[in-house]
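Trainee: Sequence:
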Amino acid sequence: MSTVGPRDAERPVVLALDMGSGSLRAIFYDRLGREVAGTEGRTATAWTRTSDGGVEADAEALVAGVGAAIDAALAGLGDVASEIRAVGVSTFWHNVLGIDAAGRPLTPLYSWADGRSAAAVAALRERLDEEAVRRRTGCVFHPSYLPARLLWLRTARAGVFRAVRTWMSIGEYLTLRLFGRAVCSISMASGTGMLDLRRCGWDGEVLDAVGLSTERLCPLGDLDAPLCGLAREYASRWPALARVPWLPAAGDGALSNIGTACVGRGRTALSLGTSGALRVLWPGDVPDVPRALWVYRADRRRVLTGGAVSNGGSVYRWLRDQFVLADPAETDAALRDRPPDSHGLVMLPFLSGERSPAWPAASRGAIVGMTLATQPLDLVQAALEAVAYRLALIWDALSALRRPHGPGDGAGEIVASGGALAHLPVWLQIIADVLGREIIRSAEDEGSSRGAALSALEVLGALRTEDMSVPRAAVVRPDPSRHARYQDARARHARVEHALEPLQPQGAGAAPPAPAAGPVD
Numbered sequence: 004m005s006t007v008g009p010r011d012a013e014r015p016v017v018l019a020l021d022m023g024s025g026s027l028r029a030i031f032y033d034r035l036g037r038e039v040a041g042t043e044g045r046t047a048t049a050w051t052r053t054s055d056g057g058v059e060a061d062a063e064a065l066v067a068g069v070g071a072a073i074d075a076a077l078a079g080l081g082d083v084a085s086e087i088r089a090v091g092v093s094t095f096w097h098n099v100l101g102i103d104a105a106g107r108p109l110t111p112l113y114s115w116a117d118g119r120s121a122a123a124v125a126a127l128r129e130r131l132d133e134e135a136v137r138r139r140t141g142c143v144f145h146p147s148y149l150p151a152r153l154l155w156l157r158t159a160r161a162g163v164f165r166a167v168r169t170w171m172s173i174g175e176y177l178t179l180r181l182f183g184r185a186v187c188s189i190s191m192a193s194g195t196g197m198l199d200l201r202r203c204g205w206d207g208e209v210l211d212a213v214g215l216s217t218e219r220l221c222p223l224g225d226l227d228a229p230l231c232g233l234a235r236e237y238a239s240r241w242p243a244l245a246r247v248p249w250l251p252a253a254g255d256g257a258l259s260n261i262g263t264a265c266v267g268r269g270r271t272a273l274s275l276g277t278s279g280a281l282r283v284l285w286p287g288d289v290p291d292v293p294r295a296l297w298v299y300r301a302d303r304r305r306v307l308t309g310g311a312v313s314n315g316g317s318v319y320r321w322l323r324d325q326f327v328l329a330d331p332a333e334t335d336a337a338l339r340d341r342p343p344d345s346h347g348l349v350m351l352p353f354l355s356g357e358r359s360p361a362w363p364a365a366s367r368g369a370i371v372g373m374t375l376a377t378q379p380l381d382l383v384q385a386a387l388e389a390v391a392y393r394l395a396l397i398w399d400a401l402s403a404l405r406r407p408h409g410p411g412d413g414a415g416e417i418v419a420s421g422g423a424l425a426h427l428p429v430w431l432q433i434i435a436d437v438l439g440r441e442i443i444r445s446a447e448d449e450g451s452s453r454g455a456a457l458s459a460l461e462v463l464g465a466l467r468t469e470d471m472s473v474p475r476a477a478v479v480r481p482d483p484s485r486h487a488r489y490q491d492a493r494a495r496h497a498r499v500e501h502a503l504e505p506l507q508p509q510g511a512g513a514a515p516p517a518p519a520a521g522p523v524d
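Numbers given in our numbering equal positions in the sequence shown, counted from 1, plus 3.
These are computed hints drawn from the structure, not numbers from a lab.
Beta carbons are placed, not taken as given, at the ideal position from N, Cα and C, and that holds for glycine.
Hints are not guaranteed to be accurate.
What the hints assert, rightly or not - Pair ranges (Cβ atoms, derived):
#1 A336 to A494: 26 to 32 Å
#2 S5 to A161: 49 to 55 Å
#3 V473 to G207: 29 to 35 Å
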């Protein structure tokens, strides 16, 4: 994406905070949505992984990391800081922590990848009509969503559960620390599995099932009702930010669509980092979608639907950690010379469980077809192709959903971004060949960050996100002969997955393992 120096930046200037699963970033953008060069502050997001499938972080450490990133960003902006007019905030969906009446954390921050609530999924299905809940909330019962996690905490951490005054995401906790009050955006609430999407209010039946009242959740707000007036400690630390409006934190997936100009039914955002997703964002009513897909909100007027796979770049990282591989550039070049599906393997890439399209709560990975001749590069190719097959299942469901509304066959454009594609550009060619679709490579890999900035500029009245053009880096076109071969490979994968289903963990307590450390995002 194009950048601009601080003194050449079009006014107003806005700050984007991106609280990602891999890092915490603070970056300034100008009125045209261009990154202001030299203003990125970045610190790592540290996770603790437990032997029973837990994925936790220290909320105080994350807030401190955001503060350090802001310090660095302001230092890079220099005296142009007087032109800052708003702050937008992005964070990862489906996380939660509990605080006491004094605002102190009583629990760690639990990630979407924490798999210890698998048993609670079965309990929820016994208590509630899952299909009716899914139609209201856009979410199935799954360990990645809050109903199962909170029900697990109510049982496994009963004393702590009772002591918690308020349950919130890291985005709300950040505003609590900075402003002394917490507001949950419609966007973040929509990713919990506890929001009635059409009413934009908490779902009473789901809350009753997990033993909560609305008083133990943050009040709801929208992006056009920002907070203002930093607490004294932070106002003195960042005078330039003390009185500017801060938008409530929004979900990173929705903001990534906005940041890569995937707004409207005619464009699908494909992101591939640690995990992967395909998403469509548009203004309008909440649709009825097949179970393979979820529905969230970007705000009260815009709906986001799509599917997410738990395993993306984390699969390649796992292989890189286990085997002696060439550096990514050499691996990328070697893979380009190989015919599709040339390894004789079937890989089920469920190293971190799985989400869409079938929502298996505790699937495990598998590699079928290895011989003495199998090489590490075979495994890498099989892994990249397997992730592409999972994304293709989501693409099929999205295409069918959009067909009555979109141009032509309802497919529209695909715009891709994500750190995993930067590490291995050949992966995007594999995905294009598997889908049989042309894919635009976005020039913007910080989609969530830029989306937070564009949302802030929209609230200021400086632009309309619907009018933004796609930042194009390249166009990747599919090879018809490779696509045909991948169609056969997908069918073989489906047969193997079906055959292995009886061997997958079925016990109520089964939980997927945590993702490999050091996400690729």
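Trainee: All hints are to be evaluated individually against the structure, with a verdict given for each.
Mentor: Hints versus structure:
1. A336 to A494: 26 to 32 Å: holds (29 Å)
2. S5 to A161: 49 to 55 Å: holds (54 Å)
3. V473 to G207: 29 to 35 Å: With Cβ atoms ~41 Å apart, the hint is violated.
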